[in-house]
Amino acid sequence: MPELTYAEAARIAIAEEMRRDPDVWALGEDLGRGGVFGQYAGLAEEFGPERICDTPISEASIMGASVGAAMVGTRPIVEMRFSDFALCAVDELVNQAAKARYMFGGQARVPMVIREPIGIWRSSAAQHSQSLEAWYTHIPGLVVVAPATPADNKGLLKSAIRCDDPVVYMEHKNLWGLAGEVPEGDERTIPLGAARVERAGTDVTVVSWSRMVQTCARAAATLEEEGISPEVIDLRTLWPWDRERVMESVARTGRLLVVHEAVAVGGFGAEVAATVAEELGAPVRRLGAPRIPIAYAPPLEDQARVTDEMIAAAVREMA
Amino acid sequence: MPELTYAEAARIAIAEEMRRDPDVWALGEDLGRGGVFGQYAGLAEEFGPERICDTPISEASIMGASVGAAMVGTRPIVEMRFSDFALCAVDELVNQAAKARYMFGGQARVPMVIREPIGIWRSSAAQHSQSLEAWYTHIPGLVVVAPATPADNKGLLKSAIRCDDPVVYMEHKNLWGLAGEVPEGDERTIPLGAARVERAGTDVTVVSWSRMVQTCARAAATLEEEGISPEVIDLRTLWPWDRERVMESVARTGRLLVVHEAVAVGGFGAEVAATVAEELGAPVRRLGAPRIPIAYAPPLEDQARVTDEMIAAAVREMA
Amino acid sequence: MTAGRNLDTDRFFAHYATMQRIRAFERAAIRAAREGLATGAIHASIGQEAVAAGVCGNLVRSDLLLSNHRGHGHTLAKGADAGAMMRELFGREGGVCGGKGGSMHIADFGVGMLGANGVVGANILIAAGAAHGVHMRRSRSADDRVVVCIFGDGAVNRGPFLEGLNWAAVYRLPVLFVCEDNGFAATTRTEALTAGPGPKARAESLGLVAAEVDGNDIVAVDALARDFIAAARAGEPRFIHAKTWRLEGHTAADKGAYREAAEVEARWADDPVARCEALLEQAGVESRRLAGARDAAVREMEAVFDEARAADWPAVERAFEDVLDTTAARNAAD
Amino acid sequence: MTAGRNLDTDRFFAHYATMQRIRAFERAAIRAAREGLATGAIHASIGQEAVAAGVCGNLVRSDLLLSNHRGHGHTLAKGADAGAMMRELFGREGGVCGGKGGSMHIADFGVGMLGANGVVGANILIAAGAAHGVHMRRSRSADDRVVVCIFGDGAVNRGPFLEGLNWAAVYRLPVLFVCEDNGFAATTRTEALTAGPGPKARAESLGLVAAEVDGNDIVAVDALARDFIAAARAGEPRFIHAKTWRLEGHTAADKGAYREAAEVEARWADDPVARCEALLEQAGVESRRLAGARDAAVREMEAVFDEARAADWPAVERAFEDVLDTTAARNAAD
Ligand SMILES: Cc1ncc(C[n+]2csc(CCOP(=O)(O)OP(=O)(O)O)c2C)c(N)n1
Ligand SMILES: Cc1ncc(C[n+]2csc(CCOP(=O)(O)OP(=O)(O)O)c2C)c(N)n1
Ligand SMILES: [Mg+2]
Ligand SMILES: [Mg+2]
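Residue numbers (the numbering used here), protein chains in the order written: chain A, 1 to 319; chain B, 1 to 319; chain C, 1 to 334; chain D, 1 to 334.
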């Protein structure tokens, strides 16, 4: 299996899907030059400017036009650059894309993938660092995906492109350069809604997604040396989330820790924790950012981070 | 104490605050005619068109201009008509209003009240019925209020107007006509962040807000006849929420039910339930809408409602 | 109005019939709202029928249409079934959206009507995108569909107006935008809150060829729409500012207290349906035939009203369908 | 460029000094980014200094300014302290925003600079609103402040452009909008994605008096800004389209591979700082004085660079301040 970065894996996923289906196209700012993070590198050369479409700085239009383009049968990949800028296009996503199929009684289908890179990325400050995945899990009609590895970024992106409903696809800005083995082949998709066990264990179930999966894995390695065995589950898809897999694990370990980079208050960790508490009555705990905007200065920015030490400490307390 | 409707109570709160402070003003569509729900009736006559300001259909501008107007020391009351339309102004609220104070290191203050009526209102369908309070609890820098009674709608709105930070103030469209006793007097404010006990009880703590408080109260009355005594707490402010009051109650009753009209998945009920589960390990349960858009036809729309029967049944199971 | 003997009476009789059907549908819809049968808000287009008929009458079935909250007339003119529409307003089984959308989300994809919209201005971007999709597919097949987007004078003050028109012009998309200016945005006169020379100048500043027209003059609307639709079909986006007037309240519940009875009465003298009728009479069409079209429209809409009232409610399970494929099972569990 | 003997040399020497200070600040900021000392992205305004100097030089301290992500020059020209600004870029204690904002959120409320913005076009609405606030207070006190809003050519394709300009015109607000057109939006030439005759026509269609100017001509910018600021102060909102060119990359990290070296070199011949210098020489200002201003600027910015590097990091508790008054205690608990 070749080693690819998270960005390359996504690029290959798009190229494969665009070759397979002439209705797939991508649009957003600066895509022709390969995208801000190189995640579209070379695609304009292969597919031309109509299918790798440079747009004006018009997030509402990028999103809204994609709704219309999807309704007539094309499959747009919508690049929002930073999830923060997608806040300029919320009506188009939430009131239009997510609801069209339902409002029109099933007449409309809106197959679009909305790429919204999330997360803290050194000194990007309050308007370029948010992780708002929880918002979209709350909106009926949306699928929400947050891949943590290069292999998943290929397989899940392919599934998202093939999905007939709108998928909010949240890559992490700090993962673009992460390298890992990625299976080759056109049909190596990964199903939406299926979690992945990052590391099997017996003592505490640690549920996470996106970049925090790597942090949890590091914490788990430390803990294992201490004789504590955490099971780390990468949710991968937040809606629909793999409730069965999580329940099965917590039923075994007897305790749950949910870890995410987003603000803890109102984060998706609350949903996972509340569901486990309701269904199993097991002890639950969440780790997420404090309810503060992300600051610019590194030492201040770091206050918004969940670290492997914090995770290890929480697991130790629970185990 | 005079009886007033929820809409009248709000109108009087605004009038009192506008008389007290010449920097308070209101802006939004059709305000000069009293607002869509009469919640501004008569105010243009008293305060003139500059302070009760009719605007173009430009939600982004209404919100964004208010940020600027607040920064220079005025105190805008921003009328969004339906919370759904506020989705046209999310960058302005979340990236600007909520973050300005922080990003600029405390140099900016953004005292604005954003009125966003929420909730199901017969056959208003998917784009006019949403309850998205959970979103704003997740955003650092915002206060979130959702009053359930006329008295609270006066006292909390006054506090919101006096607050130096942005307050998302979510009235329920189905409560406008609800009448109740409202204390008179300019200084009868109600503190932000303090819950109210709607009905004291001993067996199960039921936490709710907005219109569902009335539904919970009805369910409680039924249950009491059966010998079950629920304590119904009206949270009133969702951020900051009155954690102490809730913990104290659950510590007594030993169990928690959270009830809201919003979609259950990712709703603020998850936050309350997760927090209680984390801190007390008590059994928790949530009632909210299924993850479906709100339909138009009454029997379909009703599938999104939480009823007093559902609440009573849940309490019976838990008690 | 450019009338006279050489009027294409067949064409305008058809427009006239459409306008009468819209008028009758709207009257029935208002009655349904007042009787509590149409359970949601009804925004009727009485007084604006010439825009719907004149614009949509120049489209073929496969062409696409996006409308706003005041969309009954546009939808009927695009060829949707009045019965399915009325059942939708009543929230009944067999409604064109299965009762899930209601008046503000009326849509009939089968005739290319891709939806009304409850958010002012939102349809502009969706229309630009639908045209973008059609444009993309043209390179692969002989898709010559055009997209028409109708919105109100209130929508020209929302950001999507700028973004959507710029978008259409940049990519040279097959789309016609129609600003149906009825003088009001809800209870507010739009003019006072719209700066500058008007929608036409705004559209031109965004690179579109644009024109103003008397929206109550079916002949003028028809001629301009025909030209502009042909141009748009060829990839030259166009803009029409059609001036009309909303003869009834904003919704069926609105008594319109913010305008004088005298003003409303004066505006009734410019009723586009009556104007079209006069024109056809002048051109030699028998009054009996005209009255026949009107009566047929009224009877049709009375019938669909009665049918809708008699229709069943949709089965409650429908509330859980059409959300997501991936989570059908899970959704039901919540 | 209208030069000559009768130039107000004091005035333009002051503009020149401002431009040299901006140039030197930007060079230092780019160096800081390349050395990893400015920890976030740096968008420098090299080549665009005449817009900052010419516009902000016509404001008094109490006037208000809103800028975009490329805001160092505007902020300096408005009178902010270069040392506090540089410390902000370094994320240090004593930064003008306490290290919380960085380059993209640079602000100095003490000199009326109400903030740069990380969201393209967002400052337009905030500026309209600041002007609305000033306007409201005018009825009670003699507040004659004017608000200036500077944004890029990329921002004219976002909805807020339409909404904010319409807003300013409808309420007759004391605001001047300046589109600082440097030819690019990140790596894309803006022209190809901006339909129609341009920003000036767009502004006019929204009811504003508007003008184009050579943004590298300090005399022209100064004269136009002076006029337009006076009009705006009196409640007539104005719009300037200033054409300039971004001589460096989009950020300090951008090598600008999407443009030919020859094109960049040709544009350096139009360097506004050099043009201003030539003008002053022509008007009789001694080269020594000019070189002195340049050297002083370079020394000043080297000093603030060194100071910033030596400054402490902010105390970590600061991360929890300035969020909400009502919840100070609760936030800390989370
Ligand atoms: C974004 C948004 N803001 C506000 C509303 C509430 N609203 C519904 S219709 C309407 C007036 C619209 O005026 P116009 O666009 O001229 O259409 P008309 O009703 O006159 O046909 C308003 C303000 C809305 N639906 N969407
Ligand atoms: C709403 C939004 N979309 C995208 C971006 C990313 N972005 C940052 S700067 C920039 C280019 C802006 O171009 P312009 O407005 O001309 O300003 P310039 O950089 O040329 O000074 C883009 C696209 C952003 N900051 N905000
Ligand atoms: Mg109108
Ligand atoms: Mg630019």
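Calculated directly from the structure, the hints in this document are not laboratory data.
Treat the numbers as computed from the prediction; the structure is a model and nothing was measured.
Check before you lean on any hint, since a few could be wrong.
[As the list claims (entries may be wrong)] A short, non-exhaustive set of chain B residues, derived as facing chain C with CB atoms under 7 Å:
(1) Asp54
(2) Pro56
(3) Ile57
(4) Ser123
(5) Ala125
(6) His128
(7) Gln214
(8) Ala217
(9) Ala221
(10) Ala297
(11) Pro299
(12) Leu300
[As the list claims (entries may be wrong)] Here are the in silico distance ranges between beta carbons for each label pair:
(13) Trp268/C to Pro2/B: 55 to 63 Å
(14) Ser62/D to Trp268/C: 49 to 57 Å
(15) Glu3/B to Pro298/A: 55 to 63 Å
(16) Ala15/B to Arg259/C: 58 to 66 Å
(17) Ala303/C to Arg122/B: 21 to 29 Å
(18) Ser139/D to Gly177/B: 54 to 62 Å
(19) Arg19/B to Arg259/C: 29 to 37 Å
(20) Gly73/A to Ala200/B: 30 to 38 Å
(21) Ala251/B to Glu307/C: 44 to 52 Å
(22) Arg61/D to Ala313/A: 22 to 30 Å
(23) Ala15/A to Glu191/C: 26 to 34 Å
Quick reminder that beta carbons are idealized off the backbone N, C-alpha and C, glycines included.
These are the hints, each one checked on the structure:
1. Asp54: Status holds, d = 6 Å.
2. Pro56: 4 Å, holds
3. Ile57: 4 Å, holds
4. Ser123: It holds, given that the least Cβ distance between Ser123/B and chain C is near 3 Å, below 7 Å.
5. Ala125: 5 Å, holds
6. His128: 6 Å, holds
7. Gln214: 22 Å, violated
8. Ala217: 25 Å, violated
9. Ala221: Hint violated; Ala221/B Cβ to chain C Cβ min 27 Å, cut 7 Å.
10. Ala297: 3 Å, holds
11. Pro299: For Pro299/B, the interface hint holds, since the closest Cβ of chain C sits about 5 Å away, which is under 7 Å.
12. Leu300: 4 Å, holds
13. Trp268/C to Pro2/B: 55 to 63 Å: Hint violated: Cβ distance 44 Å, outside 55 to 63 Å.
14. Ser62/D to Trp268/C: 49 to 57 Å: 55 Å, holds
15. Glu3/B to Pro298/A: 55 to 63 Å: Given range 55 to 63 Å: holds, Cβ gap about 58 Å.
16. Ala15/B to Arg259/C: 58 to 66 Å: Check failed, 27 Å falls outside 58 to 66 Å.
17. Ala303/C to Arg122/B: 21 to 29 Å: 27 Å, holds
18. Ser139/D to Gly177/B: 54 to 62 Å: 36 Å, violated
19. Arg19/B to Arg259/C: 29 to 37 Å: 31 Å, holds
20. Gly73/A to Ala200/B: 30 to 38 Å: With a Cβ separation near 59 Å, Gly73/A and Ala200/B fall outside 30 to 38 Å, so the hint is violated.
21. Ala251/B to Glu307/C: 44 to 52 Å: At roughly 60 Å between Cβ atoms, Glu307/C and Ala251/B fall outside 44 to 52 Å, so the hint is violated.
22. Arg61/D to Ala313/A: 22 to 30 Å: 51 Å, violated
23. Ala15/A to Glu191/C: 26 to 34 Å: 52 Å, violated
Consistency with the previously given hints fails for numbers 7, 8, 9, 13, 16, 18, 20, 21, 22, 23, ordered from lowest to highest.
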